[in-house]
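Asker: Spelled out, the chains give:
4 protein chains.
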Amino acid sequence: MTAQPAVLEDYIARYSRWGLWGPDDQLGAMNLVGPEEIRAAAALVRDGQVISLTMPYDQTGPQRGGLRSNPRLITTATGTDVLAGAQDRLGLGSLGFADDMVIMGTQTGTQWDALSHIFHKGRMWNGYSAAEHTSRGAARNGIQHWSDRLVMRAVLVDLPVLRGIPALDDGYAITAGDIEEALAATGVSVQPGDALVVRTGQMAARRGQWGDYAGGDAPGLSLYTVPWLFEKNIAAVATDTYGVEVSPNEIDEFQPLHQVAIVHMGLAFGEIFDLDALSAACAADGRYEFMLAATPLKITGAAGSPVGAVAIR
Amino acid sequence: MTAQPAVLEDYIARYSRWGLWGPDDQLGAMNLVGPEEIRAAAALVRDGQVISLTMPYDQTGPQRGGLRSNPRLITTATGTDVLAGAQDRLGLGSLGFADDMVIMGTQTGTQWDALSHIFHKGRMWNGYSAAEHTSRGAARNGIQHWSDRLVMRAVLVDLPVLRGIPALDDGYAITAGDIEEALAATGVSVQPGDALVVRTGQMAARRGQWGDYAGGDAPGLSLYTVPWLFEKNIAAVATDTYGVEVSPNEIDEFQPLHQVAIVHMGLAFGEIFDLDALSAACAADGRYEFMLAATPLKITGAAGSPVGAVAIR
Amino acid sequence: MTAQPAVLEDYIARYSRWGLWGPDDQLGAMNLVGPEEIRAAAALVRDGQVISLTMPYDQTGPQRGGLRSNPRLITTATGTDVLAGAQDRLGLGSLGFADDMVIMGTQTGTQWDALSHIFHKGRMWNGYSAAEHTSRGAARNGIQHWSDRLVMRAVLVDLPVLRGIPALDDGYAITAGDIEEALAATGVSVQPGDALVVRTGQMAARRGQWGDYAGGDAPGLSLYTVPWLFEKNIAAVATDTYGVEVSPNEIDEFQPLHQVAIVHMGLAFGEIFDLDALSAACAADGRYEFMLAATPLKITGAAGSPVGAVAIR
Amino acid sequence: MTAQPAVLEDYIARYSRWGLWGPDDQLGAMNLVGPEEIRAAAALVRDGQVISLTMPYDQTGPQRGGLRSNPRLITTATGTDVLAGAQDRLGLGSLGFADDMVIMGTQTGTQWDALSHIFHKGRMWNGYSAAEHTSRGAARNGIQHWSDRLVMRAVLVDLPVLRGIPALDDGYAITAGDIEEALAATGVSVQPGDALVVRTGQMAARRGQWGDYAGGDAPGLSLYTVPWLFEKNIAAVATDTYGVEVSPNEIDEFQPLHQVAIVHMGLAFGEIFDLDALSAACAADGRYEFMLAATPLKITGAAGSPVGAVAIR
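Protein chains in written order, with the working numbering: chain A, 9 to 321; chain B, 9 to 321; chain C, 9 to 321; chain D, 9 to 321.
If you are wondering where the hints come from, they were derived from the structure by calculation, not from laboratory data. Keep in mind that the hints are not guaranteed to be accurate.
As the list claims (entries may be wrong) - What follows is a set of in silico ranges between Cβ atoms, one per label pair, in the way DEER data are often shown: (1) B:G130 / D:A193: 28 to 36 Å; (2) B:G93 / A:G179: 55 to 63 Å; (3) D:L28 / C:N39: 44 to 52 Å; (4) B:D225 / C:K129: 50 to 58 Å; (5) C:D32 / B:R97: 56 to 64 Å; (6) B:D225 / A:G294: 24 to 32 Å; (7) B:R97 / C:G30: 23 to 31 Å; (8) C:D32 / A:L98: 28 to 36 Å.
What the hints assert, rightly or not - Only pairs whose alpha carbons sit at most 30 Å apart, straight line, appear in this in silico BS3-like list of lysine-lysine: (9) A:K240 / A:K129; (10) C:K240 / A:K129; (11) D:K240 / D:K129; (12) D:K240 / B:K129; (13) C:K129 / C:K240; (14) B:K129 / B:K240.
Just so it is clear, CB atoms sit at the ideal spot from N, CA and C, and this is done for glycine as well.
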């Protein structure tokens, strides 16, 4: 952490979009995705292939307790009850049923950060006070504002494949140059309103032996990608790591890219995406752009959401 | 309930697809949706419009407790904590964060039934024993098998608009003739592997004053649509009611359509879908077919899943 | 609400115990219960009778959702699983087991308010700032500080029995005179460090048809009992209502007795206690004093706790 | 595991109490605790000392996820909200409040096993079928039947102190002889209806570095204490380990003592009790008998319960 946090304030001064879409905006960079971009996304569907980008929500996940625990499925009616006659008294004839609940952190597995997830100096996206997020949830910038969003064009930047390595090293800071190199190698270009999907290989390397995957050191986007993300009008970034950006952080601030990109630029950050099957599919046919359909759950006031994310290509 | 349950056994004998896709199949009618169908779905995206089909997951939902409660958001870090200095000890610099969890029944709001949700005489889809569903969840037919599915072509059958009424009456049994009439009026035809999305108007009529919406009388598909659903190779049915099929039931069995269509035909049933915005959009331009992107959460072993469902058109 | 809130500030000025037991005290009026008082409590055990004062924690409780929901038991291993052979793979021999979890508000049923539950002008018991209670719980005055408390002498004031009525009217404000009258009629006197247990009959009147029992109008202690509670050195008050004090409130403040008695006097308030069996037992033999054993769960940082409360007599 | 399971069946044949208290009994050995025993318990209160036997319910507990997770406190209203003005809209005047919920396994910390927790060959206490325990909980032998129980005389058997060691070795099987030796050394005798509280020192040795404390090897009661427990009419056994009995098990059966003592003798097993403060107090004055007040929560249908357990002496 040798650089000065001055870069943080400098980036905020130069790249903040607060007010750009009006004082009441709660969509952020999703405003960059309009009808034209959505049509362009759908036009990428050529093979009729659907690939899940979501890892299983269950007790095998990467969390280790404390703030965040792995999702827990709890059954409220079971097939074994049916066989034991426990549903007989309900008078359902030949029908039996199973039912269940989940207890899950909104950010414990594959997920989108809502714009209410991160504050910079007590303010969130578009300048709303942190006081708008209370124990009752977010009165501003809740994830529900994206309940008809996150359907968009996306490009995969697959650095391990590009480099011929299993995974980037923990602590590797991905630069705009790295991204451009990968795009050039795969012959795709980013468009305004795109989702940038970056595979680091860390999930593949850690799967099942998570260790400190959730919260520890990781490869990820450099803080210094901010100008590139801004100029390219990237609307969303998703990675196969727990926090999109490189860790340890490059300056003496925690998650400085979150502070600029989420709070001031309004980007959607997607974390813990499982990109390995997508990687294989893209490598097989050389097509690194696809339609992303990854609409979060409409959970009122939530700071994030799990998602059944798919790449359609 | 004047008809004999004989129809149930007759339908099962004639329309069961057990074994059709092999003894280990856990996808059911999703097998009907292949690359060609997915390409056809994407080809329906013309205006670049995305419409949410999911109602809010919060305490304003239709559940009344007991087996199923409305979703509950619980915050584990808040903006107010940030303002009060409670995150200072974490050493995060100028960053603050909010975090949260949800406790939710998988079937309390907009949701898909998994093929493990319903049993007929102690068996679920493809003949698996109900013993495969225990307090640990579903060892067979869990919702995770559809984590790359439910992206498909869909048609909207909007009967209230067709009839010029706010909503069908509770207890109204929608027939194959009704469906065909609506399709003809809107100039669309169903294709194999389609999702049939049926709007009854009940959600619009009950919204905010739910009463017995979740579990009470409702308009819905007649049991006697089974031959039509089978012959048309419909892969999914979604409605704006809690249970797809008409209630009270037409024969002396509980949810007989569930017993045939889910257990024996392998269909995906989508319930509590919010179809009002879609209704308005379709009425505005007369196009009643669209791309449905409604992939469930990859919750291992779950009997259903909430979903961020969207119509793309 | 005709009286002036001036009484609130006047009572606080006269009766606040902040600092009485040192600047770090987190026990409040439990300091009034020492070894002598505990011995005196045990000496009240004559018949060897134990009576539960706790109502069932289940979905039949009085809550109606929103902030507080009724407790929910969720099973994680069942007897029906055992019968279906689902535990066979565990290799437990002839043993089978059931297991479960609860999701419950700490204050949804029979419970004690912790001293961190209520703030007056942003401060809690002993003057600690409300900033000490964050989304992680209470750093001060959490219920765990009473994990070796709430074993004490108690007296029952059973006003419906005294008056020969089923229940006091909703909105009836119980005065010090009412309490003294009941004590005199039953021949008991309060001692320093006692728990004052007051039965209003409201639970008996509402049981199973709760309506607005949790949060609505109720009989309860008058704000004007403050001087009496202070002078008698009462350490805890428990009632069969949701909030100890009368509702509607007598002055233009919400729960003013909470603001004085909990925040400034450090009392333990016990709510939703089921006193009907105790009432019958006391009426049968005329003994209205007993040993109370009602230690809360040692939940770190909690603002309240459910309790397996018993009267021993 | 060299002995034959024949001993299990032999013990059951000789010591089963099924039917002893009638075919509908759901109290088990708690029937041994009557008025006389309760008076005797209260008579042990001499110093007016109350000692908590409950460890903190929080994320520092011994569980490691999977079937059982450590208790989780979740706040639903916070002091920081109050300070940020988030409760202003509620119109509460100068009052603010904190509120919270817990999600906790009933058996993840200090707890009592209910008689519905364990099955032997598909049957639980008094012969009820395991079919009586479904996903809705226990229709028989739920913990609520003890909501006016577990107030009783208790003796502490403190083997580490007796032996002058920090803790018994994992795998050490405590015999009736060991217990008698400790009782003799401390000059106390057990009485019918007593709780036998056995300290192994394992909690002291593992506290904060739990490792496999919950579920791994442990010192504990030998299966061969069954005749002694039966003849002495012990009603409850509590230890500072996760499972009362020694692990690894002495015969080729899982938790054979549970199968005999809980299922067939109806004993209350108390697990993960924190006995270190009690140990110090007993050592200080040499009195090893006390009044136990450890009534479980009245959770309808639960297979166990957390408890605010105290020793009163």
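Asker: Against the structure, test the hints numbered earlier, and report the numbers of the ones violated in rising order.
Answerer: 1, 2, 5, 6, 8, 10, 12
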